[in-house]
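Peer 1: Using the sequences plus the hints, can you model the full thing?
So the protein sequences, as listed, match chains R and V.
With the numbering used here, the residue at position 500 of the first sequence is 509, and numbering never jumps.
With the numbering used here, the residue at position 186 of the second sequence is 1161, and numbering never jumps.
Since the hints were made in silico from the structure, they are not lab data.
Be a bit skeptical, because a hint or two may be false.
[To be verified] Which chain V residues face chain R? A few, computed with CB under 8 Å, are given here:
(1) Leu1351
(2) Phe1356
(3) Pro1357
(4) Gln1374
(5) Ala1381
(6) Val1382
(7) Val1385
(8) Leu1386
(9) Ser1388
(10) Val1389
(11) Val1392
(12) Leu1396
(13) Tyr1403
(14) Leu1446
[Unchecked claim] The following label-pair restraints were derived from C-beta to C-beta distances:
(15) R:Gln506 with V:Arg1440: 37 to 45 Å
(16) V:Asn1266 with R:Ala477: 49 to 57 Å
(17) R:Arg40 with V:Ser1338: 18 to 26 Å
(18) R:Gly42 with V:Pro1419: 33 to 41 Å
(19) V:Ser1338 with R:Met10: 42 to 50 Å
(20) R:Leu60 with V:Arg1440: 35 to 43 Å
(21) R:Arg79 with V:Pro1073: 47 to 55 Å
(22) V:Pro1419 with R:Pro223: 52 to 60 Å
(23) V:Ala1166 with R:Pro223: 30 to 38 Å
(24) R:Leu60 with V:Pro1245: 53 to 61 Å
(25) R:Tyr89 with V:Ala1122: 48 to 56 Å
Bear in mind that the values here come from a model prediction, so they are computed numbers and not experimental data.
All residues carry an ideal CB built from backbone N, CA and C; glycine is no exception.
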Amino acid sequence: MSVLLSTIVFLPLAGALLVLLAGGRGDRPDREGTVRMLALVVSLVAFAATLFLWWRFNPGDPDFQFVESRTWLPQFGISYRLGVDGISLFLIVLTGFLTPLALLSSWQSVHKNVKLFSFFLLALESAMLGVFVATDLFLFYIFWDAVLIPMYFLIGIWGYERRIYAAVKFILYTMVGSILMLVAIIGLAYVHQSAAGTPSFNLLDLYGTTLSWPMEKWFFLAFALAFLIKVPLFPFHTWLPDAHVEAPTAGSVILAGVMLKMGTYGLLRFAFPLFPNAAHYYAPYIAALAVIGIVYGALVAMVQPDMKKLVAYSSVSHLGFVVLGLCTVTVYGLQGGVYQMLNHGVSTGGLFIVVGMLSDRRHTRLIAEYGGIKAVVPQLVAAFLLITLASIALPGMNGFIGEFLILLGAFKWSAWFAVFAATGVILSAVYMLWMFQRVNYGEITNEKNLRLADLSGREWAMMIPTVAMCIFMGVAPGVFLKPMEPSVLRTIDRINQVRLAAASPAAPAPAVKVGLTGGGGR
Amino acid sequence: MNSFAATIPILIVVLSAIAAMLAEAIRRPGERMYIAGFGLIGLVGAATASCFLWDSDAVSFGVVRADNFALFINIILCIIGILTMVFSHDVVERDGMPAGEYFALTLFAISGMMLMAAATDLLVIFLALEVLSLAVYVLTGLRRSNAAGAEAAFKYFLLGSFSSAFFLYGIAFAFTIAGSTRLDVIGTAIASSQNSANSPLPLFAVGLLAVGFSFKVSAVPFHMWTPDAYEGAPTIVTAFMSTGVKAAAFGAFVRVFLSTLEPMQGQWVPALSVIAAATMILGSVVGVMQNNIKRMLAYSSIAHAGYLLLGIVAANSAGKAAVLFYLLTYAVANLGALGIVALLGTAEHPHDQLRDFAGLWQSRPALAGLMTVFLLSLGGFPPTAGFIGKWYIFSAAVQDGHYWLAVIGVLSSVVSVFFYLRIVVMMYMTEEPGAPARPVLSMPAMAALGFAVIATFYLGVLPSRVLDYALQSIQTIF
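Peer 2: Dropping the structure here:
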């Protein structure tokens, strides 16, 4: 049995403990440099390990690879099961990619107890990686919940003025959803136990569990609520702007870059294939919310005076696209959705880093405080421009591929959804470019902006990989889409196998109808 | 089988209590004496004896049965006792409590708790209940000069006696039905009476016994005494009684309701479901409004009683084992959290207000870290013990079809997370106000906290073995 996945998951945590030891007792500013370097090296090693995983990954295999399975709590049928397929592979790589950037982004802004900061960030990486590789529902839930604690501390200790409010809101909001999922997980496993005789929380065993329609409906709603809050889908998004605005840059990068994807990943991996009838039944409703979110997020983003809040609302809009893509249950929609998760991670992560760089220099994120800074910091603005263009899905940049595929899938599924969603593409260009213009062009109105420093070496080190990825993913999508495809097809098969509900034969009737149209993408 | 074997752990604790009393008697005024040592020896001895008795199913005098169920609770009580002894060593003198009386009473209370969990006769359960209650009443008011303590003790005593009377009345009804107070005889009598006449007597018996137990585990609406008693008592006593009394009372509760009164499930499950739901909701919602940590943790303990009741309501084997496991996880975490509060307090400055914890992280990072782990465990976060405990309880409830209770349970646990996090916010995210004098912890106290934290993680990450023991423990109580 390969231990590669366990190594990847627990390497950052081991590094985090090492950082804690190296940092000495209490807050030791003299060891700040050591701690930072150590944390960075650990995160880079973890990134290298995820790249190694990609290299060894067999792109033709739709099933879980590098599977690990150890008995853990035999009383409940719970095992320590890990596996990776084409869908989770790139999310793992993305996590590995963004964590060093997040560490770098806080190089200047975080000075309070760097040891603990690095500890939480690395522990967070472990938990997030665990979410993407766990194939046992119990284990998945543990990682899912464990993510909250380090993020809570990151926002609450190193955030801005209203950090405590934001941290508590973040943790309570996400917990309400996920804890109902816990009940559904228990219920699902119990139904499976009644049918199969032995308890099991293994995802592969639970796929295809026959449920009565009311049960399937409730379980699906509990799962969906947990994931949709995390995404966050309109109208469950209100925690996100607060969390983003108050979080330190590193927290925002991880939050937008990886944590939001845990929600969409959960839909794709758990909620839809575990409860296919309910998924088909509710997909139009969820898609409708997604479309509302796309337009609403874009409109609200447009009027934000705060850059960080603007980017936060743009996330609501962009993630709406991802959810829409998943709801179509077509090859294009799913591939586009997964691809857009990666794009959003890179480009929005990049945007938050840029905003963080500006805020490091000026200690404000208000758009009105800037203006005309292109003349002062041309390099920074060049990077800013490229990432902005990636975010608004300019052809040739990564965002274009994702949104195009999603809209293609949505159009095949239901044209109206696609039409309304497409307005979001236009609106995103409006709010992003307008913001970009107000910040960077025109006359310098605020004389504090005259003496800004341009990109430092450390900042180049963050911008080059981000911009390179935006362009690379825009021109060579096949590199990512091909290994994804077998797993995406397998997931679609799982979602489309409409099962006869045992208890109520009448209920799934609408589900079958949607299911047939949903199959049109094949 | 008429042997003494089943009472050995209890006897050891009683002996150590007597030793503590004698030591106090011969102690010269002003002489320092490690009376806690007697307690430690006694408790370690009792724990060892319990381990030796495992699987023996010894019965003494027909009324005390050292089955695995009782022994599991014995071990929990020994852990509670040992941690309390070690913490007490730091705080008893500092809080102005008479050391000899304190340790003797605590040990007597533990012996009563052990007896309560092992008794198989309603009268012996009552006897044990009184032994532990009287000791705890006195412990609550041990600081005689403290007005709040005296008030708390008086309230606790008055309401407690009241509930004891209910309990006794219930025993009388049970005796009327069966002609005996033995649990097995009552069980047979109730099972046969279920089939025949519609006599109201069994209902009275069940109702009154439930009231008595509900009072001791502080379930709504019999919880009124809890916040006052917990706030007024010396913090270390709060830590001890919030865990010990609960463990003993739930032990007897499970034994009486899930084996003797099991035939009447149809009657008492609905009533206890309502009580469980109300207890979970009230405990967590009212806890949010507290600014005194002891009161806050009192409401938290009410909420936890609600979760434990869920295990009884589930009325299946998973539920019984879940109650045992949950008691253990709750004991470790709650004792750890309240232990820290106690260790940081002094007679002048009790350190029990929320704002006292401001900036603890800056001056005592290790202590803040430990406190965080205990609070997260109480809140049910993975990978701590509390998560596995809640998981087990809720899966027992779901297996029995109580989806709504499980949903209420998980939602109220989110609410309770809010107030646990208030303490975390204070410790980490609020600046330290000046320099409040916080006493330095002794090495043994730190070691005990270290043990509690290791246990919290061990039960959260590798609970398999302990779960097995819990499952073995419930084989015998049918």
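Peer 1: So the hint says 37 to 45 Å: do the beta-carbon atoms of glutamine 506 of chain R and arginine 1440 of chain V match that?
Peer 2: 40 Å, holds
Peer 1: Should the interface hint for leucine 1386 of chain V be scored as holding, given a Cβ-Cβ cut-off of 8 Å against chain R?
Peer 2: 7 Å, holds
Peer 1: Given a hinted range of 30 to 38 Å, is it respected by the beta-carbon distance of alanine 1166 of chain V and proline 223 of chain R?
Peer 2: 35 Å, holds
Peer 1: Would you check whether alanine 1381 of chain V satisfies its interface hint, that is, whether its CB is within less than 8 Å of any CB in chain R?
Peer 2: 5 Å, holds
Peer 1: Would the hint on phenylalanine 1356 of chain V be counted as holding, given a Cβ-Cβ threshold of 8 Å to chain R?
Peer 2: Holds, about 6 Å.
Peer 1: Given a cut of 8 Å on the nearest C-beta pair, is the interface hint for glutamine 1374 of chain V held or broken against chain R?
Peer 2: 5 Å, holds
Peer 1: Should the hint that leucine 60 of chain R and proline 1245 of chain V are 53 to 61 Å apart at their CB atoms be regarded as holding?
Peer 2: 59 Å, holds
Peer 1: Hold the hint about leucine 1396 of chain V up to the distance rule: shortest CB distance to chain R must be less than 8 Å.
Peer 2: With a minimum Cβ separation of about 6 Å from chain R (threshold 8 Å), the hint on leucine 1396 of chain V holds.
Peer 1: The hint says 52 to 60 Å between proline 1419 of chain V and proline 223 of chain R; measuring C-beta to C-beta, is that right?
Peer 2: Given a distance of about 56 Å, which is inside 52 to 60 Å, the answer is holds.
Peer 1: Would you check whether valine 1392 of chain V satisfies its interface hint, that is, whether its CB is within less than 8 Å of any CB in chain R?
Peer 2: At about 6 Å, which falls below the 8 Å cut-off, the nearest Cβ of chain R leaves the hint on valine 1392 of chain V intact, so it holds.
Peer 1: In this structure, is the beta-carbon distance linking arginine 79 of chain R and proline 1073 of chain V contained in 47 to 55 Å?
Peer 2: Holds, at about 53 Å.
Peer 1: Go through the hint on proline 1357 of chain V and say holds or violated, using the shortest Cβ distance to chain R against 8 Å.
Peer 2: 4 Å, holds
The structure meets every hint from the earlier list without exception.
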